[in-house]
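All chains should be built: construct the whole structure from the sequences, respecting the hints.
Residue numbers (the numbering used here), protein chains in the order written: chain A, 1 to 403; chain B, 404 to 667.
Everything labelled a hint here was simulated from the structure, so no lab data went into it.
Some clues are possibly wrong.
[What the hints assert, rightly or not] For each label pair, taking beta carbons as the anchor points, the in silico distance ranges come out as:
1) A/K43 / B/K593: 32 to 38 Å
2) B/K589 / A/G270: 48 to 54 Å
3) A/G274 / B/K593: 49 to 55 Å
[Said to hold, decoys possible] Pulled from the structure, derived: some chain A residues nowhere near chain B, Cβ distances all over 12 Å:
4) I6
5) D14
6) N60
7) H92
8) G112
9) P154
10) L233
11) T236
12) C256
13) E272
14) T273
15) V334
16) E352
17) D377
18) S393
Virtual Cβ for every residue (Gly too), placed ideally from N, Cα, C.
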Amino acid sequence: MKNREIDFSAMPDDLGLFAGFGGKYVGETLIEATNELDAARKKYMQDEDFLAELGDLLKNYVGRPTSLYYATGLTKLAGGAKIYLKREDLCHTGAHKINNTIGQGLLAKKMGKKSVIAETGAGQHGVATAITAALLDLECKVFMGVEDIKRQQPNVERMKLAGAEVVPVDSGTGTLKDAMNAAIRYWSGAVEHTFYIIGSVAGPHPYPVMVRDFQKVIGIETKKQILKAEGRLPDTIVACVGGGSNAMGIFYPFICDEVELIGVEAAGFGIETGKHAVTLGQGKIGVLHGSKSYVLQNQDGQIQEAHSVSAGLDYPGVGPEHSMLKETARAKYVSITDDQALEAFKMLCKTEGIIPALESSHAIAAGMEIASKMNKDQIMIINLSGRGDKDLSHVLQVLKSKE
Amino acid sequence: MNRLENKFEELKKLGQKALVGYLTAGDPDIETSKKILVQACKAGLDVLELGVAFSDPVSDGPVIQKAAHRAIANGITLEKTLGILKYIRQEEIDIPVVIFSYYNPIIAYGIERFANDAKAAGADGVLVVDLPFEHSNELDDFLDDSIALIPLVAPTTGEIRMKKICEAAKGFIYMISRVGVTGGGKLDVKPIAEHVAMVRKFTDKPVSVGFGVSTADDVKALGSMVEGIVVGSAFVRIIEENGHSHAIATMVAAKVSELKEATK
Ligand SMILES: Cc1ncc(COP(=O)(O)O)c(C=O)c1O
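Here it is as structure tokens:
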């Protein structure tokens with residue numbers, strides 16, 4: 001494995017680059033804001049009071065540590081590796097997204113900002129931001145594509161209940177990419193008093209590294225838990241990749257270990273149909289939303305529409321650290337179609353009594369396939385990034401239309 | 404000296420300011436766009452900013468966003484944009500032209516290939532909205548001395564950064580008039596004056612102000628402070644509102660003449 005030769009801890013560099021990926025490719029208006037944010041995060045991530053406050057909220061508000069659950073039903077069904085699930089679905093609001101929003105929300109407070117904005121696809125990051133804003137007494141606007149508003153109605157209602165304004169975005173395909181465009185444009189006009197809480201390890205530096213640092217609690221806990229349960233590290237870790245935050249969160253603490261890391265992208269209707277979100281697998285290097293990374297685009301450099309049944313994976317970009325992990329072959333990326341994810345969704349409900357988010361269902365589907373080819377003495381951990389209550393009506397509708 | 408420097412020198416001698424016009428190449432379609440561009444230049448633009456359409460223009464307001472989408476829907480690409488530039492050079496348009504783009508289409512085209520082809524097509528400058536100072540050598544290293552990489556400064560740019568940007572600047576400095584995206588809003592002259600004063604501390608290069616300039620009064624007010632005034636959305640809106648009219652090029656040209664008068 002090459003990971004011994006690469007100094008992952010030296011990344012990103014001062015320009016925010018992970019071996020050439022990342023950086024801050026944004027308009028001049030936003031540059032100083034990203035510089036200020038970088039200074040603030042460096043200061044507070046070493047500040048004991050800040051870390052204590054964050055730790056307290058993660059424990060008592062979010063409900064951390066989340067459990068690492070030995071899934072006997074899945075293990076039996078796969079017939080290979082022992083499968084554990086890291087239960088991020090048990091976080092308050094139902095997904096890992098809140099680990100990051102609490103972190104950024106606290107940072108916003110420390111920086112004296114009174115209002116926050118966010119983009120959202122599945123609505124999980126929007127809900128987490130809205131709820132964080134309610135908790136920390138911040139004003140909150142969430143930008144959400146009109147298409148996603150339709151398929152994630154319950155989350156729209158939750159955001160509103162928490163006092164957030166949901167701003168519908170109808171440009172482009174009305175999905176996550178367009179919501180992020182709208183959020184960046186709004187931020188460009190309000191940058192002096194507004195904190196932009198980005199929901200994944202994407203965006204201009206320092207967001208990718210900052211969001212990863214707020215999410216790495218997933219992997220840190222996982223490591224302790226698996227050592228306690230098994231007395232050794234796992235062989236393989238599997239996580240779904242939209243922007244890539246739950247995956248970076250669980251991968252990062254294992255990056256220097258001999259552990260196989262597998263990211264799962266959404267293959268939508270199938271790679272051959274062109275309607276997918278397989279950014280790392282099918283994209284080309286480019287710049288989208290402030291960082292250099294793999295991007296789904298046509299040969300003229302126009303961004304392509306992504307497609308996935310899961311709104312949280314329906315994104316033509318990916319966090320730059322994943323591009324680096326792909327290029328260095330430290331992580332491997334595979335993909336799962338809508339149909340496979342829906343099958344895994346149903347299977348997990350039946351087998352374990354756990355309703356997974358559609359995003360996480362991609363990780364389950366890939367994990368099951370890979371685990372079945374592993375030995376019984378091997379260990380796999382799948383990051384169950386969120387719960388699927390938000391997806392129920394959408395899943396039922398899709399399944400019905402397939403009958 | 405390249406065309407840009409010559410132009411600002413020439414206008415200085417005439418006691419005029421530069422009217423810098425932004426138009427998205429290929430808007431509303433390639434053939435109409437060629438006509439609009441030639442007529443707009445002939446009607447008195449001093450500098451043309453030739454916009455490269457991009458699907459996700461996050462620094463632009465709705466008017467220029469829609470222009471990009473119209474142009475893309477009608478087949479524009481960066482390659483064809485350079486073709487349009489070649490065409491207008493053949494039509495004996497000799498004013499300086501700055502290619503105005505987002506970074507991704509340039510990466511997709513190939514940075515070195517772009518640098519060569521832009522020069523061959525007759526560009527005098529390149530401005531890449533989302534390629535800030537710290538990453539600018541990625542492109543600048545490939546541009547030869549006849550093409551200036553035009554820097555942007557914003558009201559949010561702090562002094563230390565402003566100094567670095569100004570010291571490295573070539574061509575002119577593009578000063579963003581206010582915090583926000585292109586188009587819309589009312590021009591607030593007072594903060595702009597303060598901002599110009601800060602830029603002048605660090606450079607004697609010409610300064611052009613843009614974002615939110617739409618009327619002859621705006622142009623006059625800014626003309627007392629800076630060497631160039633950039634107008635974009637106000638021209639592009641004419642195309643949006645009159646997309647199918649045969650007179651569209653004449654209408655844009657009329658607006659150019661009106662605003663050019665205000666720079667004298
Ligand atoms: C449950 C869940 N998992 C995964 C994702 C994808 O995001 P990321 O790749 O940043 O973890 C989302 C995004 O909305 C989500 O809600």
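Going down the list of hints, with the structure as the test:
Judged by the Cβ atoms, the range 32 to 38 Å given for A/K43 and B/K593 holds: they are separated by roughly 34 Å. About 51 Å separates the C-beta atoms of B/K589 and A/G270, a value consistent with the hinted range of 48 to 54 Å. Between A/G274 and B/K593 the CB atoms are about 52 Å apart, so this pair conforms to the stated range of 49 to 55 Å. Its beta-carbon lying about 23 Å from the closest one in chain B, A/I6 satisfies the requirement of being farther than 12 Å from that chain.
Remark: the non-interface label on A/D14 conflicts with the geometry, its nearest Cβ contact in chain B lying 9 Å away (cut-off 12 Å). The beta carbon of A/N60 is kept farther than 12 Å from every beta carbon of chain B, the shortest such distance being approximately 37 Å. Separation of A/H92 from chain B is adequate, the least Cβ-Cβ distance of about 32 Å exceeding the 12 Å criterion. Look at A/G112: its CB is around 16 Å from the nearest CB on chain B, clear of 12 Å, so calling it non-interface holds up.
A/P154, annotated as away from the interface, keeps every beta carbon of chain B farther than 12 Å; the closest lies near 29 Å. A cut-off of 12 Å between C-beta atoms confirms that A/L233 is not in contact with chain B; the least separation is 38 Å. Under the 12 Å C-beta cut-off, the non-interface status given to A/T236 relative to chain B holds; the minimum distance is some 34 Å. For A/C256, the non-interface assignment is confirmed: its Cβ lies about 29 Å from the closest Cβ of chain B, beyond the 12 Å cut-off.
Non-interface status of A/E272 relative to chain B is upheld: no Cβ of that chain comes within 12 Å, the nearest being about 22 Å off. For A/T273, the shortest C-beta to C-beta distance to chain B comes to about 20 Å, beyond the 12 Å cut-off, and the non-interface label holds. Once the 12 Å rule is applied to beta carbons, A/V334 is consistent with being away from chain B; the minimum gap is 26 Å. Against chain B, the non-interface label of A/E352 holds: every CB pair exceeds 12 Å, the least being about 40 Å.
With a cut of 12 Å on Cβ distances, A/D377 stays outside the contact zone with chain B, its closest approach being about 46 Å. The non-interface label for A/S393 is consistent with chain B: the shortest C-beta to C-beta separation is roughly 30 Å, beyond 12 Å.
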